[in-house]
Amino acid sequence: MKTKFCLIILLSILSYKTYSQEFELKNPNIEKLREQVKTDFKNEGIYYYLINNYNPTSELYEKEFYEWEKESICSFKRDFENDIKYSIFQCKEAGGILVNVEFPKISREKLMSWIEQMYEIDKMDIDVNVWKENNSKFEPSEINPGCYYKISEKENSTIVDLYCGC
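Numbering (this note's numbering), first residue to last: 159 to 324.
Take these hints with a grain of salt, some might be off.
What the hints assert, rightly or not - Once the Cα atoms are required to be at most 25 Å apart in a straight line, the calculated DSS-like pairs of lysine-lysine come out as:
| id | residue 1 | residue 2 |
| --- | --- | --- |
| 1 | 308 | 281 |
| 2 | 190 | 243 |
| 3 | 308 | 184 |
| 4 | 221 | 290 |
| 5 | 196 | 228 |
| 6 | 312 | 196 |
Said to hold, decoys possible - For each label pair, taking beta carbons as the anchor points, the in silico distance ranges come out as:
| id | residue 1 | residue 2 | range |
| --- | --- | --- | --- |
| 7 | 292 | 230 | 35 to 41 Å |
| 8 | 223 | 280 | 21 to 27 Å |
| 9 | 294 | 240 | 20 to 26 Å |
| 10 | 199 | 267 | 19 to 25 Å |
| 11 | 181 | 251 | 19 to 25 Å |
| 12 | 280 | 310 | 38 to 44 Å |
| 13 | 271 | 324 | 36 to 42 Å |
| 14 | 182 | 293 | 29 to 35 Å |
| 15 | 228 | 265 | 41 to 47 Å |
| 16 | 251 | 198 | 19 to 25 Å |
| 17 | 312 | 226 | 34 to 40 Å |
| 18 | 228 | 293 | 38 to 44 Å |
| 19 | 196 | 251 | 20 to 26 Å |
| 20 | 262 | 303 | 29 to 35 Å |
Hints listed in this document are in silico derivations from the structure and should not be mistaken for laboratory results.
Note that the coordinates shown come from a computational prediction; the quantities given were computed from them, not determined experimentally.
Every residue gets a Cβ at the ideal spot worked out from N, C-alpha and C, and that includes glycine.
Could you put the whole structure together from the sequences, leaning on the hints where they help?
What follows is the structure, encoded as structure tokens:
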């Protein structure tokens, strides 16, 4: 009986330790992502990063189409392994692009490094991005066209919002 109890305790500790481990992002292949974005401009770098590194667990859903081009998708959601959730919205003619990615909990430092790498895919020469607001925003140093990243955290997940436009 004592052995059985010890075994249950040990298994509980091991499963807790395994479950509570922090999610690790895979390193992005920036050159490959640049080429993919250049070749197929309908999708952006984060989507290609996810496709290249994590298996999709859903088809595209909540799809929307451009008003002026009814067969082209301008917004969708998709889920990936490790409980990663991706959504994109680019349905306004001059409205830029909005991306939202929800990852399992990630350390701030590792996520900041990943964002800096992803920024290199299609960085603009107008202004260089810098970290602001207690390292929760990575955006141009001045108010300029470009890509604006924002990190927010929930209890069990970390969210990256990206806006690129004017």
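Hint numbers the structure violates, sorted upward? 4, 6, 10, 11, 12, 13, 14
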